[in-house]
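Peer 1: So the chains spell out like this:
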Amino acid sequence: MSYFIDRRLNGKNKSLVNRQRFMQRYKKHIKQAVSEAINKRSITDMERGEKISIPSQDTHEPIISHGQGGQQHRIYPGNKQFDAGDRIDKPKGGGGGSGSGKAGNSGEGEDEFSFYISKEEFLNYIFEDLALPNMVKKSLSTQDEFETKHAGFVTEGTANNLSIVRSMRNAHARRIALSAGKKRKLKSLLLEQRELESNPDGFKNQARLLAISEEISILRSRIKKVPYLDTFDLRYRSQVKYPVPSSKAVMFCLMDVSGSMTQDVKEIAKRFYILLYLFLQKSYDKIELVFIRHHTSAKEVTEEEFFYSRETGGTIVSSALKLMHEIVQDRYSASEWNIYAAQASDGDNWDDDSPRCSTLLSQKILPEVQYFSYIEITPQDHQALWHAYKALETEWPNEFAMAQIREPKDIYTVFRELFAKQTKGSLKGERA
Amino acid sequence: MSYISTDSEWTFELLEAYDKEIKRIAESFKLDTYPNQIEVISAEQMMDAYASVGMPLGYHHWSYGKHFLTTQKNYQRGAMGLAYEIVINSSPCIAYLMEENTLPMQALVIAHACYGHNSFFKGNYLFKTWTDASAIVDYLVFSRAYIKKCEERHGIEDVEKVLDSCHALMNYGVDRYKRPKPISAEEEAHRQEERENILQQQVNDLWRTIPKGHEEEAEKMQLNFPSEPQENILYFIEKNAPLLKPWQREIIRIVRKMAQYFYPQRQTQVMNEGWATFWHYTLLHTLYDEGLVNEGFMLEFLTSHTNVVAQPAFDSPNYNGINPYALGFNMFQDIKRICQDPSQEDKEWFPDIAGSDWLETLHFAMKNFKDESFIQQYLSPKLIRDFKLFSLYDDEDSPKYLIDAIHNEKGYRMIRDKLSQQYDLSYREPNIQVWSVDLRGDRSLTLRHTMQSNIPLSDDSTEVIKHLHSLWGFDIHLETYSNGEKVKDQSCPNNKTDDEE
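So the protein lines, in turn, are chains A and B. Okay, so the first sequence: first residue is 1 according to the numbering used here, each after it adds one. Okay, so the second sequence: first residue is 1 according to the numbering used here, each after it adds one.
If you are wondering where the hints come from, they were derived from the structure by calculation, not from laboratory data. Hints may contain errors.
Stated by the list, open to error - Straight-line C-alpha distance at most 27 Å; calculated BS3-like pairs for lysine-lysine:
1. B:149 <-> A:80
2. A:28 <-> B:128
3. A:225 <-> A:183
4. B:128 <-> B:23
5. A:90 <-> B:23
6. A:27 <-> B:161
7. B:410 <-> A:28
8. A:27 <-> B:73
9. B:382 <-> A:80
To be verified - Some chain B residues close to chain A (C-beta under 7 Å, calculated; not the full set):
10. 19
11. 299
12. 300
13. 385
14. 388
15. 403
For every residue, glycine included, the Cβ atom is placed at its ideal position computed from N, Cα and C.
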């Protein structure tokens, strides 16, 4: 007996658990690969999967087997010119004396075990470092906010979507359709009745009159039975959800590139910008990035230059703020754009420049922007700039946030306010 | 008669029609099979089945995830086609058909798996002796549930550690000579708890530190433990490792049982694939002879059959060892030829089968041999010539290889010997046995590796000893002997320098 079973509809992800076990086991490797990928990718290019490679040696499952060496016979097919007693040179590269690396025997030669992770997994690995709350992780990696739009009327829905006008109009139409014929007949019967009554002679008329009045009463009761409002008259407003990145935003990345900023520090900074970018991407249709780097003077540059070229010299932070303000004035009017800014620095600044920065921020920049975040990436004590900024934090609690960062996981604190707002569902003071 | 189908799209009705005809013909060839359970699955599901070594369900382990990722990557990259079928040695015999296959392919797979492999599982003595087809699926269910329970109680990490170690030693968890009792899941679950307690007591007894009355006698008794070398390392550990918890012993047992289940398959690859290939070839040809399928069907079938039984030469870039499908298929075809139309040479080499009833001879061969003995018994000079086999002698100490036999009169026997040896597990796998336990000293476990032809162990052995150490809990020594002399000594933890001082 043979039985045929169609299993195609059964789940296809039987291996999911095993896959996760594998990922768990090689988490360190994967994280390493992800963080290398982050450094290679542009900020705007975080939403795709990644190929992960792990040295095969690390994923190898050891078993006891024969190594090479000793005296071995092997049988091969396809002899062409050999005869018994022939001697052939051993191939070189098998490692001199001990090597007997016969080509056919070595099997697989891949040095790396590689596989692909999905976009979600990739983001999750980024987020893990950043110690994001779950709610935020979710809102960043899944499709975000929806706007409900009207899409006509439908026959089914919830009571709160009931369209009274439509429903009543339907009811009216139905009442007309169901009772018009009867009413017409009733009208003609009533006319006949009146005629007969005005002329009440003869037995024949009496009988007819009786019949008519009976028919009239039947018709009336039938008309009365047509319901005023029936369930199928009801119409509901149809609401369709559209994902809404709401409008345009511009993100300013400001960074100190003076000699004291090492590549490590820049990499932490990059994660900081990535996080802000991912956040903005969920909320806005169109995002423009402006990169401003500065030492003693500020300059607008490409992303490539921003992260990877080095400059030396002193540090005047206000130069960057000034440039940002100019660019805003020039290209991104606050009535049209949602302006976000992220500034990273190791805290160095000319002493007399810090108060100037704070004034610039509070008078010119903060009134214009949605959010200004500042991170100081230094394990040391705070410097002048920090103290100058500190006052702003209380003055602009919704627009300004700052933090000192030693590791990537500290970054989130800077955005706490921002994400709290988003998870509440609305961006305060948003401009269209 | 008219064709069963002329189209290449399959439907369940057509599959059933083909199955009915193939079954009828298979029975006329006396193929005795378990009932078939044929499951149609998608490519994704096939990848899942692949990753779990074809088992319909198994416990969770990262290494299966690794297999899955490899398969998935290769498949998506197009580097690898999926096998057309997977078949499981169980009763009913479960065969997977992939939905992407065309109708002729499905028919081929039905003939190959559901009648070829299936009858091999049911008939071959190794499978009969070592596996219990009716219980395996239940046992898998039991083991999966048990390991899941362990994970809940003791944490995934700890369970994984034991499994890793067991997997490393899986090939040494097999009884080669002693016939195991058939496993029954119900009984297994029933007895498992009981066993836990008793086992633990016995182990404790072995390691008892309270002095016995007759010191001398006790000492003598314990001097040689185990009294004879043990080849089943996992079994030895399960029963005797001093520090293992009962659940850890049970996990070892589960891995052992799985190893035992796969043990016949590892020894009959050539025969099993050869048998199945021979039968899909014969059955589908009979369909054609009876006029049930047309030329289009046969062309498609032959294309794929030819690919399966191709044997690239040793110097071809496609060469990847001797193709078991090619060797097995040709050997069975050759036996049939020897029976039906023996040459003078065949009559000299195979006087017992030349001219005999081919079907009976084939069934006899299928039932009573494994790869090693099958080749030793039936590889004919003609086939050696057809395959142009030659033997290469590789001596570590010589700068050159020596061709010591080719496909000629002088070489046939030697080639047959050496090829048969290549399939002999006791040659293929290093000979390692549990030698002794230092019961009264540091409790260290000593294994002895007896070298064959001076072939050393691969570098993996260092890692494997570490796994062994984590199971045993005390020092492990692996001594390598060649011709009765100790040539190498490995230990874990590695305290070689201490020894030398």
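Peer 1: Please work out if residue 382 of chain B and residue 80 of chain A have their alpha carbons no farther apart than 27 Å.
Peer 2: holds (17 Å)
Peer 1: Decide if the proposed pair is consistent with the structure: residue 90 of chain A and residue 23 of chain B, CA atoms, cutoff 27 Å inclusive.
Peer 2: violated (52 Å)
Peer 1: Take the C-alpha atoms of residue 410 of chain B and residue 28 of chain A, compute the straight-line distance between them, and say whether it is at most 27 Å.
Peer 2: violated (59 Å)
Peer 1: Holds or violated: are the alpha carbons of residue 28 of chain A and residue 128 of chain B at most 27 Å from each other?
Peer 2: Violated: residue 28 of chain A and residue 128 of chain B sit about 46 Å apart, past 27 Å.
Peer 1: Have a go at the residue 299 of chain B hint: is there a Cβ in chain A nearer than 7 Å to its own Cβ?
Peer 2: Violated: closest Cβ of chain A sits about 26 Å from residue 299 of chain B, beyond 7 Å.
Peer 1: Next pair to validate is residue 225 of chain A with residue 183 of chain A; report whether the Cα-Cα distance is within 27 Å.
Peer 2: holds (13 Å)
Peer 1: Restraint: residue 388 of chain B near chain A, CB-CB cut 7 Å. Satisfied or not?
Peer 2: holds (4 Å)
Peer 1: Measuring from the C-beta of residue 403 of chain B to each C-beta in chain A, is the shortest one below 7 Å?
Peer 2: This interface hint holds because 4 Å falls under the 7 Å limit.
Peer 1: Can you verify the interface hint for residue 19 of chain B: is its Cβ closer than 7 Å to any Cβ in chain A?
Peer 2: It holds, given that the least Cβ distance between residue 19 of chain B and chain A is near 5 Å, below 7 Å.
Peer 1: Have a go at the residue 300 of chain B hint: is there a Cβ in chain A nearer than 7 Å to its own Cβ?
Peer 2: Cβ of residue 300 of chain B sits 21 Å from chain A, so the hint is violated.
Peer 1: Has the given pair, residue 27 of chain A with residue 73 of chain B, been kept, meaning a C-alpha gap of at most 27 Å?
Peer 2: Since the Cα atoms of residue 27 of chain A and residue 73 of chain B sit roughly 19 Å apart, the hinted pair holds (cutoff 27 Å).
Peer 1: Decide if the proposed pair is consistent with the structure: residue 27 of chain A and residue 161 of chain B, CA atoms, cutoff 27 Å inclusive.
Peer 2: holds (16 Å)
In summary, the numbered hints that this structure violates are 1, 2, 5, 7, 11, 12, 13.
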